[in-house]
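Numbering (the UniProt record's numbering), first residue to last: 1 to 1115.
These are calculated hints, taken from the structure and not from any lab test.
Here the structure is a predicted model, which is why all the values come from computation and not from measurement.
Keep in mind that the hints are not guaranteed to be accurate.
Restraint ranges, calculated between C-beta atoms of paired labels, are given here [what the hints assert, rightly or not]:
1) GLY899 <-> ALA554: 56 to 66 Å
2) THR1090 <-> ALA542: 31 to 41 Å
3) PRO1094 <-> ALA725: 39 to 49 Å
4) GLY823 <-> GLN483: 41 to 51 Å
5) GLY384 <-> GLY921: 20 to 30 Å
6) LEU60 <-> GLU34: 21 to 31 Å
7) PHE826 <-> LEU1049: 51 to 61 Å
8) GLY920 <-> PRO337: 19 to 29 Å
9) PRO43 <-> THR653: 23 to 33 Å
10) THR626 <-> GLU393: 57 to 67 Å
11) ALA849 <-> THR1090: 20 to 30 Å
12) ALA725 <-> ASN923: 20 to 30 Å
Listed below are the simulated DSSO-like cross-link pairs for lysine-lysine, each with C-alpha atoms no more than 27 Å apart in a straight line [stated by the list, open to error]:
13) LYS508 <-> LYS783
14) LYS508 <-> LYS496
15) LYS634 <-> LYS91
16) LYS830 <-> LYS783
17) LYS634 <-> LYS496
18) LYS496 <-> LYS91
Idealized CB from N, CA, C, for every residue including glycine.
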Amino acid sequence: MGATFARTVSTIGIVSAGLIHSGQAQTLAVAGLEPGRNALAAPCATSVVVRFQQALHTGLATQQALHVFGGVASGKKAGTGVVSGSTLSFKPSTSFSPGETVGITLTTAAQSSTGGALARPQVFQFTTATGHGPGTFSGNQEVLLPSAPHNVVMGDVDSDGDLDLLTANPSANTVSVRLNDGRGVFSGNQTVAVGNQPDQVVLADVDSDGDLDLLTANYGVRLPLPGSVSVRLNDGKGHFSAGSDVAVSANLTRLTTGDLDGDGDLDLVAASNSSTNGTLTVHLNDGQGHFNAGTVVGGPANDVVLGDVDADGDLDLLVTRADVVTIRLNNGKASFPVVQTATVGGVATTLVLGDLDNDGDLDLLTSNNSSDFNGTVSVRLNDGFGSFSGTQEVIVGAGPSLKLGDIDGDGDLDLVTANYGAGTGNTVSVRLNNGLGSFSGAQEVAVGTGAVGAALGDLDGDGDLDLATAISGSSAISVRFNQHLPAPTLLSAGPKAAAPVGGSISLKGTYFTPTSTVTFGGVTATQVIVVSATQLTAVVPAGATTGVVRVANAAGVSNEMPFVVSLTVSPTAPARNALATTLTTPVVLAFNQSLSQALATQTALKVFSQQAGGVKTGTANVGGSTLTFAPTTKFRAGETVFATLTAAAQSTTNTPATPQVFQFTTATIPSPGVFSGRTEVTLGTNVTAQTVGDVDGDGDLDLLVAEGANNAVSVRLNDGTGHFAGSQRVAVGDYPNSVVLGDVDGDGDLDLLTTNYASGTVSVCLNNGAGTFSSTGQAVYVKDNLTAIALGDVDGDADLDLLVANGASANVTSTVSVLLNDGRGFFSRKQDVAVGNYPASLAVGDIDADGDLDLLVGNQVSNSVSVRFNDGLGLFSGTQELAENVPYRVQLSDVDGDGDLDLLTANIQEGHVHVRLNTGGGNFDEGQVVAVGAYPNSLVLGDIDGDGDLDLLTASNSMSTVSVRLNDSHGVFNGTQEVSVSYAAQNLALADLDGNGTLDVVAASYEGKTVSVRLNQRKEQILGTATTTALASQVSLYPNPAHASVRLLIPASFARQGVHVRVLNPLGQLVSEQNWTAQQAASSPELTLTALAPGAYSICLGTTQGMLVKRLIVE
1 MGATFARTVS
11 TIGIVSAGLI
21 HSGQAQTLAV
31 AGLEPGRNAL
41 AAPCATSVVV
51 RFQQALHTGL
61 ATQQALHVFG
71 GVASGKKAGT
81 GVVSGSTLSF
91 KPSTSFSPGE
101 TVGITLTTAA
111 QSSTGGALAR
121 PQVFQFTTAT
131 GHGPGTFSGN
141 QEVLLPSAPH
151 NVVMGDVDSD
161 GDLDLLTANP
171 SANTVSVRLN
181 DGRGVFSGNQ
191 TVAVGNQPDQ
201 VVLADVDSDG
211 DLDLLTANYG
221 VRLPLPGSVS
231 VRLNDGKGHF
241 SAGSDVAVSA
251 NLTRLTTGDL
261 DGDGDLDLVA
271 ASNSSTNGTL
281 TVHLNDGQGH
291 FNAGTVVGGP
301 ANDVVLGDVD
311 ADGDLDLLVT
321 RADVVTIRLN
331 NGKASFPVVQ
341 TATVGGVATT
351 LVLGDLDNDG
361 DLDLLTSNNS
371 SDFNGTVSVR
381 LNDGFGSFSG
391 TQEVIVGAGP
401 SLKLGDIDGD
411 GDLDLVTANY
421 GAGTGNTVSV
431 RLNNGLGSFS
441 GAQEVAVGTG
451 AVGAALGDLD
461 GDGDLDLATA
471 ISGSSAISVR
481 FNQHLPAPTL
491 LSAGPKAAAP
501 VGGSISLKGT
511 YFTPTSTVTF
521 GGVTATQVIV
531 VSATQLTAVV
541 PAGATTGVVR
551 VANAAGVSNE
561 MPFVVSLTVS
571 PTAPARNALA
581 TTLTTPVVLA
591 FNQSLSQALA
601 TQTALKVFSQ
611 QAGGVKTGTA
621 NVGGSTLTFA
631 PTTKFRAGET
641 VFATLTAAAQ
651 STTNTPATPQ
661 VFQFTTATIP
671 SPGVFSGRTE
681 VTLGTNVTAQ
691 TVGDVDGDGD
701 LDLLVAEGAN
711 NAVSVRLNDG
721 TGHFAGSQRV
731 AVGDYPNSVV
741 LGDVDGDGDL
751 DLLTTNYASG
761 TVSVCLNNGA
771 GTFSSTGQAV
781 YVKDNLTAIA
791 LGDVDGDADL
801 DLLVANGASA
811 NVTSTVSVLL
821 NDGRGFFSRK
831 QDVAVGNYPA
841 SLAVGDIDAD
851 GDLDLLVGNQ
861 VSNSVSVRFN
871 DGLGLFSGTQ
881 ELAENVPYRV
891 QLSDVDGDGD
901 LDLLTANIQE
911 GHVHVRLNTG
921 GGNFDEGQVV
931 AVGAYPNSLV
941 LGDIDGDGDL
951 DLLTASNSMS
961 TVSVRLNDSH
971 GVFNGTQEVS
981 VSYAAQNLAL
991 ADLDGNGTLD
1001 VVAASYEGKT
1011 VSVRLNQRKE
1021 QILGTATTTA
1031 LASQVSLYPN
1041 PAHASVRLLI
1051 PASFARQGVH
1061 VRVLNPLGQL
1071 VSEQNWTAQQ
1081 AASSPELTLT
1091 ALAPGAYSIC
1101 LGTTQGMLVK
1111 RLIVE
């Protein structure tokens, strides 16, 4: 299936159809339908169930209020109506046919237990499921006819359980009936006399006796002779009476039936295409198959269909004329006062309705003859209220006649066209639906010459839809059978044919169906999602062991592929995407099995600092089922740290781990989040990009600035207080426009990479550890017009790979190039990922929590964010595009503290940041719009006030300010602070530049040729004034003196933004520190003292009110 959707029947949508009226509590109201309105793939043996909001009367009238009409298997269904509480159900005596559309009327005869009735009838439909198959047709059966046919229909006219064929034969004024033997072999020579020049035959149970009657649209000869509709009633055995004829306009070409007035029988609509006096007429049924003289409701039309397009519980009327579809909305009384139109892509000849995108409403398609005599099908999607839009035009054969049906059994409606036009008059075009209403494929089924109409149905009783085509050239019906489904084949299992119990694996192959099963070592998976006939995902079930994986469908079992049930692992401290972790935190992973003590397991965890030291050195320890890495040096305040667990980690039984990549963010000191100072770093040339990091290993963060015009990056070293000096220039490629730092050669320092717009290359300059850079000598040519760069371990091998956005030109296809690192800083191309038009920025992060880094790209021209998911091997796929108006910057961070990564975009044209919260699995809601300065062109996130959540800052393209908006910890941003900078900035960074534990801001200006540095002002005053003495006295340490631990009592007013705790020894040296959230600080937190020697210590508390120092004695 092209896509998988969960469907919920909207009780609001049903009730809104006029079933509840204010002040009329006794009115009976529908609460739900099963199958749902316009449902696809309903079981053939389904009952029809209507749920009400009130208990029902149990009388016969209510039991018989449901009228169910089959489309091909029979007419009005016999069965049993049952009332139970507030539910009315109808169980048919016989099953529906695969793929048939069933019409239901709930009449006003239904009553509540208090006598309340429906305000108006309800008419709805559903379509039954078909068997799974490839959707390809074969065979060469030709059923001969006495004269050339004009269309063909299928239906069980002799009540023997199989579908027979009927054709309208205009030159003979007859309908030919050919009976099925149950195997799809047709015989007989019955003809039924009808009116003059029958152009179309329709089957419908117009006398409600349970069999399918025959109606024809008779063209007539020429004016002034009228056209007519011939009604021939079935005796239940396939014999049709002389019946009656209904007079209509001349040149009658199309008719259709449906319950227009909700009285439980099928009415008639007839359409004439005469340009002089053609009409559209509605003829109501008396229940016995007799139709009134009719009411004219419109002018000439080429085709007519009925369907509830506005979901109000009645059948609306749609007609085609030229390139326009006219929609006439029913008021429930077979009157059509509201008229609207939709434009299609040519002269529309046939019109069909069906739920193409699985959203519960009826969409429309027309087959068209275009001006160049090629055939197309126009697809127009419904908004749920009867308004249609879209521009999709599907190429088919010339002179097409259109039908819908689920020919591959994947739960969506595919299309076929019989092609009559020159050059293609002996084919039927087949185009498959992807589940979202988009059609593709190029299958052309060979049939006889002059294909004038097609029908779909299960002719051979195998559960899938077969094809019958009326052939005018040879006076025959071409019958082609849907091929049987083969057993599946397995081609690949990923990622790396390994996953832990509870983990997902992607399988690729052929002939997967929605009911396919997957087994791992003989254990059946209970969670399987079939993405398409060639791809599915399955969750490794409990009890599965290393061995083989297989897929089965109804036809058989696939070949086997080796599969490893790997170790289950999860980051426990810090947790995945954790915020406000301590700067000295160890990284701890917990497994579901005891670990090997081998060196390979001990060194399988690599931790990457983005600001200082690159790949962290430290001590690894294996203890039972836990792997711990304690870094030698602490992390930087507020930095985002990435870690990779490689497959080198193994259990004591040699079961490998599945690679995991995860991240966390370190804490900052509580502060007001107010910026001051006016340090300006002048470059003397236009600044195109900048970044910060400790490149010389002295413990403070340095500044690196791309100078586009000079083909260089300037390195400015920090003196530790946020002041920068130096004159080193690193030569790079032509016009560097983005710069990033990362330890690409794994030697423990930060290397330098730039994208070079003019040369289409990436410069890789390795650090010698002291801040001096040299080129690797590798010319990393990517593509022309590079726009953005990111580093991340996308293949889980513990080195940083390279991702580059390119295509900022009408002449260059927009992609993101993925280049994999060999561990030494040399890169090779892995994939070019197709994204939206003109990608301006990109971000990597694990948005679906599967342990690998996914890719999101902001596309300026196509106004979208491309979402591409990683398979764990560094291969990205997907087509999801999130609508955003000129998304100039994208960022991924957990802004609501729920453990997953949310998406923020700076929308430069609208002057705001769009916050989309992750709802799980990499899906994002519509979220909040945050107003910021005009034309935001840069966006950064960081905990600037030290309260444990991530705040946002943006630069303005037209103002000399940086907008600061504080997070309320739930992903809602407020505030109006605007930080003055010297010039309008194009690039921002957040980092602790002066070493005080708070995040400072760096703003680079292209026009100003400067970088503005603004320091975050931490409150350092000691409490104890008259206004704070009382509060300070409420902070207590107990016990004091203490031994192994001490508890702190802190008033809530001190801890609104959390508390930063530092322990200083008698020499004033820092011996430990940690951050507590407001919630932790309010719960009498405990400090562990076991590592401290006896003596006097100072406990320094950074609080909302300022710095408070308490004396502690350790015994």
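Mind checking the alpha carbons of LYS508 and LYS783 for me, to see if they're no more than 27 Å apart? It is violated: about 31 Å lies between the C-alpha atoms, which goes past 27 Å.
| message | 23 to 33 Å was suggested as the range; check whether the CB atoms of PRO43 and THR653 agree with it. | response | violated (45 Å)
- Item | Whether the CB-CB distance between THR1090 and ALA542 falls inside 31 to 41 Å | holds (40 Å)
Looking only at beta-carbon atoms, does the pair ALA725, ASN923 fall within the given range of 20 to 30 Å? violated (48 Å)
What's the verdict on LYS634 and LYS496, does the C-alpha distance respect the 27 Å limit or exceed it? Given pair LYS634, LYS496 is violated - Cα atoms ~34 Å apart, limit 27 Å.
Notebook entry, point to check: Given a hinted range of 57 to 67 Å, is it respected by the beta-carbon distance of THR626 and GLU393?
Noted result: holds (59 Å)
What's the verdict on LYS496 and LYS91, does the C-alpha distance respect the 27 Å limit or exceed it? With Cα atoms ~49 Å apart, LYS496 and LYS91 exceed 27 Å; violated.
> Regarding the pair LYS830 and LYS783, is the alpha-carbon distance no greater than 27 Å?
Replying inline: Status holds; Cα separation ~14 Å.
- Item | Pair hint LYS508 and LYS496, alpha-carbon separation not exceeding 27 Å | holds (13 Å)
Cβ distance range 20 to 30 Å for ALA849 and THR1090, holds or violated = violated (36 Å)
> At the C-beta level, are GLY920 and PRO337 separated by a distance inside 19 to 29 Å?
Replying inline: Given a distance of about 45 Å, which is not inside 19 to 29 Å, the answer is violated.
**Request:** Using the beta carbons of GLY823 and GLN483, state whether their distance is inside 41 to 51 Å or not.
**Result:** holds (49 Å)
Hint check: violations occur at hints 1, 8, 9, 11, 12, 13, 15, 17, 18; the rest are consistent with the structure.
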